[in-house]
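Visitor: Residue numbers (our numbering), protein chains in the order written: chain A, 725 to 885; chain B, 4 to 265; chain C, 8 to 799.
It is worth saying that the hints were derived from the structure and are not from the lab. Certain hints may be false.
[Said to hold, decoys possible] Simulated crosslink set (DSBU-like; lysine-lysine; CA at most 35 Å straight-line):
#1 K60/B to K11/B
#2 K727/A to K170/B
#3 K735/A to K19/C
#4 K601/C to K582/C
#5 K19/C to K611/C
#6 K254/B to K170/B
#7 K581/C to K601/C
#8 K462/C to K229/B
#9 K254/B to K229/B
#10 K582/C to K10/C
#11 K11/B to K30/C
#12 K579/C to K609/C
#13 K462/C to K170/B
#14 K735/A to K60/B
#15 K254/B to K782/C
#16 K60/B to K727/A
#17 K727/A to K30/C
#18 K581/C to K611/C
#19 K229/B to K782/C
#20 K191/C to K312/C
#21 K10/C to K575/C
#22 K30/C to K735/A
#23 K611/C to K10/C
#24 K154/C to K319/C
#25 K254/B to K462/C
#26 K30/C to K549/C
#27 K191/C to K359/C
#28 K11/B to K735/A
[Stated by the list, open to error] Stretches of chain B that chain C covers, calculated by requiring three or more beta carbons in the stretch to come under 8 Å of a beta carbon on chain C:
#29 145-156
#30 249-255
Glycine residues also receive a C-beta, built at the ideal position from the N, C-alpha and C atoms.
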Amino acid sequence: MTKVTMTVNGKSVSAEAEGRTLLSSYLREGLGLTGTHIGCDTSQCGSCVVHVDGLAVKSCSVLAMDAAGADVRTIEGMANADGSLGVMQQAFQDHHGLQCGFCTPGMVMAASALLAENPTPTEAEVRHGLEGNICRCTGYHNIVKAVLAASGQDMPAVAAE
Amino acid sequence: MHTFDFTKPSNIADAARAMAAEGAQALAGGQTLLPTMKQRLAQPDVLVSLTGIPEMKGVCMGEGGVHIGASTTHADVAREVARYYPGLAHLAGGIGDPAVRNRGTMGGSLANNDPAACYPAGVLASGATIVTNLRKIAADDFFQGMFATALDEGEIITSVIFPIPEKAAYVKFNQPASRFALTAVFVAKHAEGVRVAVTGASNNGVFRWAEAEAALSGDFSANALKPLTVDAADMISDLHGSAAYRANLVKVLTGRAVTAAA
Amino acid sequence: MPKDTGIGASTKRREDIRFLTGKGAFTDDMTLHAQAHAVMVRSTVAHGRIVKIDTARAAAMPGVLAIFTGEDFAAVGGNPAGWLINSRDGTPMREPKRPVLAHGKVRHVGDNYAAIIAETYEQGRDAAQVLADDTQIDELPAVIDMKAAIADPSNRVHDEIPDNLCFDWGWIEDNRAAVDAAMKAAPHVVTLELTNNRLVPNAMEPRASIGEYNTGTGDYKLTTTSQNPHLTRLLISAFVMGIPENKLTVVAPDVGGGFGSKIYHYGEEALVLAAAKKLGRPVRWTAERSESFLSDAHGRDHVTKIEMGCTKEGDILAIRTETLANVGAYLSNFSTATPTFLHGTLMSGPYKVPHVYVNVKTVFTNTAPVDAYRGAGRPEATYSIERVVDMMARELGLDPFEVRRRNLLTPDQFPYQSPVGLMYDTGNYQATLDKAIELGDVAGFGARVAASAAKGRLRGMGLSTWIEACGIAPSNLVGVLGSRVGLYDAATVRVNATGNISVMVGAHSHGQGHETVFAQIVADKLGIPDSSVEIVHGDTSKIPFGMGSYGSRSLAVCGSAMDRAMDKIIAKGKKIAAHMLEAAEGDITFEDGKFSVAGTDKAKTFGEIAFSAYVPHNYPLETLEPGLEETAFYDPANFTYPAGAYICEVEVDPDTGRVEIARFTCADDFGNVMNPMVVEGQVHGGVGQGIGQALLENTTYDENGQLLTGSFMDYAMPRADDVPFFAVDHSCSTPCTHNPLGVKGCGEAGAIGSPPAVINAVIDALHRGGITHVKHIDMPVSPNRVWQAINA
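Make a model of the complete structure from these sequences and hints.
Guide: What follows is the structure in C-alpha cells.
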C-alpha cells in the first residue's frame, strides 16, 4: 500500500492504494465518495465517469496511481457553492432525466464534459456524445432534453410536447 | 485484478529499462488492458505507464507528414489533427466513446492490434510509419494478424508518422454492442495510388483490399467498385455478422468511403 | 390547465436531489464496521456433476475467513416457485429444489457452487480462483435447445425429471375442441412461427447484498437490491432458511433499477446471512456485471407458433398458439406464472375473438433461470398477436389500421369477458388508435417515404394496438390460478403530532418516483403541502407488509391501500373534530385540510386535529382513542387493463440491413394520471427497452451452454443514439372502475406495445421497397439479420 495524493473536488486528499486500485475504488472506498458507481466491468456503461484534469474519463479504467497528482471532479463536486444544484444537475431534475439514479452521476459528468467541449450541441451530437453512458430507465428521451436545456438552447419541436 | 507493481517513467529511456523487467507490460490508456486485467485474463507483474512521458505526446507536422506521439489520446488526435488530416481525425473521433477517447491512445491501440480496432485501418491505408524506441516499421510490415504485430518484447511505440493523402475517408459500421468496428474501411488516395484498408472483417486482422485499390487508382469513384466481389472465405463470422455479411459490408463501406472522400 | 401541486401535477421529483449530488444510498455504497466480502465461485460448465471440492488450499490463503459449499446448505430449504401450475392432464408441475449453492450438480454456466468469505474482495477473488482449480466437476452434455430438450429424454437437467418438462399447460383446455373446429372452418388461416428473444434485464445497478447478524439478540438483517423486501423476507423465512420473520429485517435501500430481475429471492441473499452468522461479522457481496449476465433471471425466451383463423374481410374468428417457454435450469419465483397466467390470459388482445386456445410447454435447460422481465408474458402475447394480425392484413391485402379497427372491442362492450379468463373493466381502444394516427402524422407518411427513398433508405410504418393486465392482482383470482401468495398491498399513514405525515408503503420505488408521487396523492387528499408528507419504503421493520413493485402494481394496489388508510384517517379526524367542536360526528365535513361543522364556521385545521390526537386532554377515552395512525390492506377486485396504440416508423438501409427508428408515437390509456411527467418517463423507458428487444438485444448460448453475450461488449444495450425522441400521449383516459384512484398502471406499457410496432414497420419498409419475399424476421432485427433476409 502506498499513499496516493490528488485533488478531488478542489481539496487535496490522500488515501492508501495498491498498484491495482482503480480510481473508482480509490474514490468510493478510499475517500467515501460513493456517488461514482460501478455498473460494469468492461468499461462500457459509464456509471463511473468522473473528470480528470477537466476531461471525462471512466474511473473504473484508470489506476489510482496513474491519477496521482491529478485534479479530479466527481458528482459530489458538481453542486454550486451554496449547495444548490449546478446547471446540469438542475436540468436533469427539471426534465426528469433520471429515474433509478444509478447511472445518473456518470451521465451528469459526461454531459457536463460534453457541454464544456461543445456548448451548443445538436440533438444528434448530444446522443452521440452520450454513447458511452448506458441508462436502462429513461429511454434517454429526458436525458437528451435535459442536456439540450442545460446548453440554454430552445427545446427542439418534438411532436406531442 | 492480480497484484502488480506500478511504475510511471517520465522518459522513453526509463520506460525501456522498466519494460525489460520480467513480466513487464506497457500500460497506455488502459481502456482495453485494465478491463482485461479485471477479468483476470492478463496478469502482468509490472505495469509501466506510458502516459507520463512528454516526448510521446502531441501532434506536429514534420518530415514525411504529421507526427503523432504514441501516447496522444484519441480525443487529442480528433482535435489537433483535424487541420492536417481530417480523415484520420474523424477516425479518432469515432473510437469508443468520449470518455474512452480521453484516455485511449494511438500507441496502445496499435500495439494491441485488435482485429476490430479503428487505428490499424487508418495507419495501413495511410502508409504510415510506426516509430519505436528501437526502429521505424512500415505499416505494411507492422500488422501481422489478429493481436499480432512486428513489435518485439519490451519494444515501445513512441510515435507514428502519417503521410497526408490527397483525399481520405473512414467509414465505420459499428458492432452494435461494443461500438468497435463490425467492419470499417479507410480509403486514402495518395499521389502514387489508392490504399484501401479494412478492419473488423478478416480473421487475419486489418488488411488491404488490393482489387479495390487497383480499381480505384484508375477511377476514384464508387462506381469503379461495382464489378468487384469480396471473398467471404477469410471473413470473421460471429454473433454480429456472418462472413458473407462482412464481405458485403467491405464493398458497401468502401464505396461510401470513396464517396465521402471524393 | 396543468395543476401545480397534488394529483395531476408534474411535480419534480424530490428523490432526484440525492441522486444528482452523489448522496444516493445504494447497497454497495454502504460500508459496515468489520465487514467481510463474499465472492461466489461459479460453474464454468453448463452441466456437470460435482465430484470433489477441495477447500484446503483456498482456506489457507491470505484473508480467507470461511468457505461455503452446497453441502453447508443441504439441510435447509430451497428457493420456491411462487405459482403452482398444473399440466393439461391435471398433474402438478415438476418443481426441482433450487438450493442456496449448487449441490451434487451444476446446471448452468454461472451456477454458484461455493462462496469464499474473505477480508477483502480481491483476496476473495484470489481464493475463488484457487478453489475453482481444486474442484472437480465431471462435465455432462448440456441441454440448451428447447426442442431437443423435450425430444431427448436421456439428457436431463434434473435427474428426476425425465423429459425436461416442467408442465404442459392448456388455456382454456375445455375450449380446445371449439377452437380447433373454428380454425378448421375459418375461410383463411394465417400461421406464423416466431421467437421472442431472450433478454438480460441489466438494471444498471448490479445485484448486491449485505448480511448482518447480532449475536446478542439473534437478529438478522439483510440489505439487498430488491423490488420487494417483504417477499424476500417471507421466502427466506418460510422456505429457505427458517429464520423467523420477527428475527429478520430486510432492507431494500436505493435500488438502481429492477425491471423484474430484482423481484426474486436469490441464493446470495441467504448466503450472506448464513455467513454473517457464522463469522459474527457483516458479510457483503456485490455482483460484477459479468456475474449479473450469468446469474440474474433472464427474460422472455419463447418459441411460439400462432395461428389465426379469419374471414376474407379480416374478422378474427379464432386464435391458437403453441409455445415452448424456457425456464432455464431452476424455477425462479415467478417463472411459472409468466408464460401462463401473464401470457395465455392476454391472447385475445384488445380484440373481440370468439375462440382462443393457448398451449405452453415449459422447458428446463442448462441456462440461467428465466423469469418476469418488464411486461412479463404480456409482451410475448402482444408480439404474437400483433405480428399475426399484421401478417393477416398483408396476406388478405387489407389495411392494417382498418383490420384492427374492425376487430377492436368497442366502448359499449365493457365490461368484457374475454375467452381466456379475464374481465376487461373499461377501455376505448378506438380513441387511442385515433390519437396515435393524429400524433404520428400518419397523413404525412407518404412524403416521408419519398424523402427516405431520396437518401436510398426504405421507410416503413408499423402499428401495434395492445392491452395488458396489470396491477397484479386480486388474491382470490391468483389463488385459483395457483399463486402461493396473496397479491394485495398495504400502507400505514402516520400523522405525527405536529401535523406532518409519514406514510409507510409496501410498494418499493427503484426509479418510479413513489416518494414524490405518493406524497402528491396524500397531500391532495388531506389538503396539506407535499412537503409535509414523507414516503417510507423498502424496510420490513418499518412497513406493515407489502408485495413490492412489479407488474405495474404500485399505484393501483399500494396507492389504493394508501387511499383507504387516508379514508380511515379522515374518519378518525372527524371523530376528534366532533369532540373538539362539540358537534355530532355526522355533522363534520372534511375539505381542503379542514374539519368543519356543516353549515357553520366552526372548524379545526388538520394540524390542530393531529396535535390534539397526541395531546388528548379531555378525550372521552371510552369512545375516542388518542393517536392518529391508520393502516389499510388493499386487495383489488380485478386486474387493471391499460391499453394503447403505438406507431413506429423505421428507415432501413438495404445495403447494410441497418434499421433506424425514425419516429415513435404512443397513445396510451392509463386511466387517471397522478404525475404526467413521471408517467411519460415510464413510457419512454419502456419503449426504449422494447426497441432494445426489437433491434438490439439478444442472449445467446452456444451448444455447450456458454453464454456468448456475457458482457456489454456483445450484448447490445440501447444507447442514446439508438433511439429518437418519442411522442407520447395519455389523454385518452378511461379510468379504472374498481380502484379508488381510477389508475391502471404505466410501468410496463412501453415494453409491451413497442416490439411488434418496430417489427411490423421493418416488414412494411421492405415490402414498400419491393422486397416482398420477407414475411418475418425474428427479433432482434440486427443489420446482419435484415441483410440476410433481404438477400435470402
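Visitor: Under the constraints set out in the numbered hints, which ones does this structure not fulfil?
Guide: Structure breaks hints 2, 29.
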